[in-house]
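Engineer: Given only the sequences and the hints, what does the whole structure look like? Please build it.
Just so you know, the protein sequences line up as chains A and B, in that order. This note's numbering puts the first residue of the first sequence at 1, with every later residue one more than the last. This note's numbering puts the first residue of the second sequence at 1, with every later residue one more than the last.
Take every hint as true, because none was put in to throw you off.
One-sided and incomplete, this derived list gives chain B residues near chain A with beta-carbon spacing under 7 Å:
(1) A88
(2) G89
(3) H93
(4) L105
(5) Q269
(6) R297
Label-pair distances were calculated between CB atoms; the ranges are:
(7) A:M39 / B:G204: 49 to 59 Å
(8) A:A12 / B:F139: 35 to 45 Å
(9) A:E119 / B:S24: 25 to 35 Å
Keep in mind the hints are simulated off the structure, nothing from the lab. Predicted model, so just to flag it, every value in this text is computed and none were measured. Cβ coordinates follow ideal geometry from the N, Cα and C atoms, glycine included.
Number of protein chains: 2
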Amino acid sequence: MWNTPDMPPQRATLLQVAQRAGVSRSTASFVLAGRHQDMRISEETRLRVLRAAQELDYRPNLMARSLRTKVTKTIALISDTIASDPYAGRAIHGSLAAAVAHGHLLFIGETDGDPVVEERLIADFLDRQVDAFVYASMFTRYVRLPRPLRERPVVLLNCLVRSARPTHRSIVPDELTAGLTAARTLLDAGHRKGIYLVGNPGNGVFASRERLTGIKEELATAGVRLAGIVDCNWWPDSAYDAVCRALRDGLDPKALICLNDRVAFGAYQALREAGRSIPDQVSVISFDDSELAAWLRPQLTSIALPHYELGRHAVETLLGPSAEPGITRLTMPIRRRHSVAKPAVE
Amino acid sequence: MWNTPDMPPQRATLLQVAQRAGVSRSTASFVLAGRHQDMRISEETRLRVLRAAQELDYRPNLMARSLRTKVTKTIALISDTIASDPYAGRAIHGSLAAAVAHGHLLFIGETDGDPVVEERLIADFLDRQVDAFVYASMFTRYVRLPRPLRERPVVLLNCLVRSARPTHRSIVPDELTAGLTAARTLLDAGHRKGIYLVGNPGNGVFASRERLTGIKEELATAGVRLAGIVDCNWWPDSAYDAVCRALRDGLDPKALICLNDRVAFGAYQALREAGRSIPDQVSVISFDDSELAAWLRPQLTSIALPHYELGRHAVETLLGPSAEPGITRLTMPIRRRHSVAKPAVE
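Structural biologist: Structure follows, in structure tokens:
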């Protein structure tokens with residue numbers, strides 16, 4: 001058996017507070033609602049009520065109050081998945097920080113991308129009179145906002161609604177500028193030739209498409225062309241295999257732009273096995289700035305996905321002064337480490 | 001401006017359902033509460049009420065109901081930190097899965113280990129009449145359960161209360177057996193000499209102390225002694241530095257037991273630089289089974305921290321049939337990969 005009673009300890013009532021302070025129930029209520037000024041309650045009475053409330057450990061029944069005010073000061077973060085990306089924790093962390101700063105609590109729920117689960121989950125949150133919603137995706141993508149959320153306060157985190165004119169506020173990472181930054185970093189180091197992309201920008205993933213567009217645009221401004229693409233998926237073993245094969249087939253890269261740090265991890269392994277040193281013979285730059293980036297040798301220069309900031313900004317937008325519908329693109333800051341150098345002399 | 005009204009769409013009332021079905025409010029209420037049998041309500045009436053409820057998209061106001069029943073079907077997961085360990089997401093994932101299976105929703109909150117923040121957070125959850133709590137730590141450790149939680153349904157996740165007789169149920173990973181498993185794996189491969197621990201088992205961390213105890217016990221059963229400890233903290237660069245130094249100083253290990261995968265990552269880098277091949281010259285085994293383990297070359301054999309199972313089990317225990325106070329130690333399964341082999345012939 002639990003060492004816990006079935007019922008929680010009895011909480012002090014407003015009436016008990018009023019009796020202890022020797023005032024009426026409504027006077028106590030006005031004091032505790034901070035309405036002593038407009039109700040012309042004396043400072044002495046106010047202090048007596050506050051002292052009584054403190055002595056009785058009085059806390060207002062927020063649920064009863066919310067039946068009157070329709071505000072529960074709770075928000076819900078609904079995500080397709082919480083766990084697939086180990087860095088989801090940071091987005092939740094940032095969301096929590098902003099929620100707490102606004103005196104709100106945070107429900108979380110995940111749908112596994114299943115519309116039936118999603119509908120049920122939203123209904124459950126609405127039953128608990130959740131005030132507002134963060135609708136999140138772990139990978140940046142286009143979504144259809146579920147019908148029951150359309151008329152409610154919602155901010156989209158890491159996702160976008162496809163429509164002629166925006167209906168909600170979306171918070172997404174600025175992937176296009178991140179691509180520009182990657183290319184600019186290599187150009188500034190003196191690279192002009194033998195710049196390859198490692199990854200698969202053609203598989204419908206929003207981030208990779210935008211990154212590639214930014215890379216090409218920035219290279220074009222300098223009259224430089226991407227030398228080619230080493231095609232692989234998002235995982236180290238795929239990148240390792242692809243880069244090994246390319247090197248065996250005679251590829252002679254001066255710089256690799258890897259679509260994320262896991263891809264860079266596999267590329268590092270392949271370059272090392274082939275005896276190519278980083279960054280003296282081959283520069284490597286990447287995206288995400290996961291923990292991995294700082295652990296590699298040499299440490300990897302990477303353009304950060306600001307998970308924490310995305311979460312924080314979404315909840316700030318939701319609870320702050322009302323915002324116009326539209327898209328907020330958060331800067332992806334570059335973390336310069338030791339994997340980019342000037343090109344080797346031929 | 002938001003395209004959202006300040007008030008959520010009006011929900012259908014019980015009275016509207018009753019009127020549409022042509023029954024009294026209390027009859028509608030009994031039907032929707034599933035009490036048609038004890039209230040002797042005809043099947044025909046029952047179906048009429050259900051149809052009316054469906055047509056009006058009626059959902060009971062759970063908050064109003066909870067004022068009567070004192071049950072909100074919400075639980076809160078209170079953690080010292082959500083984000084410091086990127087795998088916290090998995091524990092939340094497991095907790096969510098179990099909560100949903102029991103028809104509950106999950107609040108999360110973090111305290112940063114600050115008792116003042118914690119007290120405030122718990123008060124906020126109690127204001128929303130949360131039914132039950134998971135009190136979680138990201139690193140296994142002893143805690144003092146906050147006073148307001150002591151008389152309520154609580155399960156401890158990844159932490160323990162120090163007391164003569166247990167007062168609550170704790171769910172923790174079985175670190176001691178994990179230590180036994182690591183040692184047994186090396187013994188079974190034929191290792192008897194040159195087995196070193198890499199990490200710091202003396203810094204008060206519960207996991208490392210228990211792991212070391214298990215390792216020593218199992219080695220002792222085979223008459224084998226740990227050859228020594230290569231001291232470093234929990235991060236790759238510290239492990240890299242420590243192993244590099246030890247090898248330069250003449251250390252000739254046959255097997256390294258690394259206290260986690262990040263330590264193993266640094267040890268791999270140091271062994272590679274020193275030209276020692278894994279596993280032919282040096283076997284490596286580790287704990288945690290983070291994603292890293294499968295990405296290393298050769299892939300790392302590691303004993304898994306079952307984050308998802310810990311979270312799932314904690315919530316199952318909280319919401320399932322009542323459990324005796326005590327400690328549940330969840331198995332840490334070994335993931336055998338390619339970093340352990342028989343010792344090199346001298």
